[in-house]
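The whole structure should be built from the sequences, with the hints applied where relevant.
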Amino acid sequence: MIRKCGLAMVCFLVLASPAMAKLNVVATLPWIGSLASEIGGDRIKVNTLVKPSQDPHYVEAKPSMILEVRRADLLMFNGLELEIGYLPVLVESSRNPMIQPGTRGYFDCSQFVEVIEKPAVVDRSMGDVHPLGNPHYHLSPKNIYRVTEGITEILARVDPANAGFYRTNLAAWRGKFREKEKQWGRHNLHGKKFISYHKFFEYLANEFGFEIVAYVEPKPGIPPSAGWVEEIIELAKRMKPDAILTTPYYGTREVTFLSQKSGVKYIVVPHDVGGTPACKDWFSLMDQVLVALE
Amino acid sequence: MRTMIALVLVLCIGSSSAFGETLEERIKLLEETIKKQEETLKNQQKILEELKDQSKQAKPAEQPPIAPQPTRDYRLDDRSRGIYVQSASPLTPYSLTKQSSTPGLMNPAISVILDTEYYHSTLSQKELQSFSTPGFIGNPQPPPFDEGFNLREAELAFFAPVDPYFNLYATLPVTENGIDLEEAYFVTTSLPAGLQFKGGKFKSGFGRFNAFHPHAWDFVDAPLVYKLFFGGDGEGLIEKGAQLTYLPNLPIYMILGAEVLQGDNDTLFGPDGGPHAYTGFVKSSLDFGDSHSILFGGSVVGGKTNTTSFAPNTVLQGDSVLYGLEFTYKWRPSRWRSFVVQSEYLYRHQTGDLTDTIALTTDSLKRNQDGFYVQALYQINRWRIGGRFDRMAIFADEVVRAGEKLNFSGQPYRATGALEFNPTEFSRIRLQYNYDKSDPNKENQEIFLQFLIAVGAHGAHAY
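Residue numbers (the numbering used here), protein chains in the order written: chain A, -7 to 286; chain B, 49 to 511.
Hints should not be assumed to be uniformly reliable.
To be verified - List time: in silico EDC-like cross-link candidates among lysine to aspartate or glutamate, alpha-carbon distance up to 20 Å:
hint, chain 1, residue 1, chain 2, residue 2
1, A, LYS191, B, ASP320
2, A, LYS211, B, ASP411
3, A, LYS168, A, GLU30
4, A, LYS110, A, GLU209
5, B, LYS414, B, ASP445
6, A, LYS229, A, GLU209
7, A, LYS257, A, GLU226
8, B, LYS174, B, ASP487
9, B, LYS453, B, GLU491
10, A, LYS134, A, ASP273
11, A, LYS110, A, GLU194
12, A, LYS43, A, GLU30
13, A, LYS43, B, ASP445
14, B, LYS378, A, GLU52
15, B, LYS352, B, ASP266
16, B, LYS378, A, GLU222
17, B, LYS288, B, ASP320
18, A, LYS43, B, ASP335
What the hints assert, rightly or not - Some chain B residues flagged as far from chain A (calculated, every beta-carbon gap over 12 Å):
hint, residue
19, GLU80
20, GLU87
21, TYR213
22, GLU224
23, ASN225
24, LYS288
25, ASP320
26, LEU343
27, ASP401
28, PHE443
29, ILE477
30, HIS506
What the hints assert, rightly or not - For the chain A half of the interface with chain B, some residues (derived, Cβ under 8 Å), not all of them:
hint, residue
31, LYS43
32, LEU59
33, ARG62
34, ILE76
35, GLY77
36, TYR78
37, GLY94
38, ARG96
39, PRO111
40, VAL114
Calculated directly from the structure, the hints in this document are not laboratory data. All C-beta atoms, glycine included, are put in the ideal place defined by N, C-alpha and C.
So, in structure tokens, the structure goes:
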């Protein structure tokens, strides 16, 4: 009986271990997983830890995520401490030597980013300020262009047999990028003014020439108080911004109220790939965001 | 320049060699030497020029490869510039230093968590001092708080990667009585096959509640079952020892672990000269959709017992085994809403000899006892409300001394309600009420107002 059980257990373990053929890539955020899939195609298997509906700032390190990271050949993450609340515990608990900090499997996408808003002085009385700079660079074509190249290079290094395949896919991706670049350029956002819920659109504002005049959050990560909401309403009435921007996970409760009181419309901007059904990949995410802003 | 060298050469040669040679021979020799020198110089100049050319060609590559590109005031609507595509230079990270940002370069990540509370009980300080639960811990076990203001601890926590193979953790609660060493351990990061080794002094993997530090508890105090089986304030099993855990590559999360511990816990174990406690545990977790998950498992710890906690003026020597079952359910649809139910059941089997240190008699003692707690917490926005119920002696309540069954309290229990406000993830204000009937002769109603304030490195939160 015991021997039978043991045999069954061994069979189970053997069958359960994944086929070695595909490179296992674990991405924290949906857009990272999406870019990796585009470059890796059918040669890699991508698992994304954070769901598009989740606030990327506050993710719980679930045991199922530990298991995903345990199987990873490559771990790709946003960086700039966006994942600081859960990634370190996932990485240590994964018991996976291939993706520990300092190894090539621990891939910080932000290393290719020209970071903005890096505070010279920071303490937590300022709210949840990211001390390494604004981490929401994924709506920045300029930076994503480089990040995608970085993703390609790391895939090629970890899986040299398919390096040519990855680079070909990058070339195709860049072709599409050039097309899209022209399309995006036709959106005229220059000089527009917005109020935003969170510091989420700064890279986009820099590149497309619009302005974020105020935030619904009094400080990053701090929900607005009644008094602050009053101030924002006054400000909205005075400055007459084009719209109030929010993302699906912040909900529409505050912005609906603000919108009613100030007469300024609000826009729910998709924040990541999969955030709305139309955002199938990074390009369509950018399309949707720009259409929404216009 | 050349003449200078020639002159020097002349001087050198003239002063050193040429012993007993004619003047003509010496001049000839000199001329030859100068010619040779000239040739060498020419050659050298050639090499120098070649080097110059090489360095000119090599110059662009010599620029620091990690230098950030100058920031351009770029607008996407200047699309004619096609700026993304124009850079032909190889891709290089802007900054390599930022990856190791938080712990600084060589400094460990440090945090300080202040745990301070106001405490009020319906019992007097004197009555609290004699609070006990006979049958479990017969010695007085007063609450760890005084009437009025309390400072439980300021916990100092350190973390840093040691090298590519180890991480190091240390937790040092500072109290008014001095500094304590709650935990100090290393953990491996690079063992193969899903294995991990931990060594030092650490919180055992036994059970669910055991892993958490007091500031991460869901209530001010520990479950009754932890207080009565592990003693003290119920912080559980914190031991010197070694732990090996294994995370197999299965379709579902399952972790297996075993520990060898010194067995210093003075309620369950006690001094025995050498490691004499052993644990084993298995835990598994499942997700149901994106927002529901459960964690469940079983643990066992056994070892040699040598304790004075049974009753005043007694020593119990023998063996103890403690079994634990745990279950946690979490629903967390967003950052702003969550519901968590957690429960643990513990069963203790103990046999040994009980010595009365005054009468100097020794009897046999057998104890089969159990207890459980169940708690639920509901969070909405920055508020969280929670309830907990503790009860001992549910299915097993057997204390046999010298073949004779002893009757104690019946079923010690406690009911708890708490309300929290969490301004940010670094601060928490908690109001808690306990109705505590774990001493059969006393009824303790307690109120806590607790402040938990954290500064320093942002710790990652375990599930």
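Legend entry - Unsatisfied constraints (hint numbers, rising): Violated hints (numbers, rising): 1, 2, 9, 13, 15, 16, 21, 26, 30, 38, 39 and 40; every other hint is consistent with the structure.
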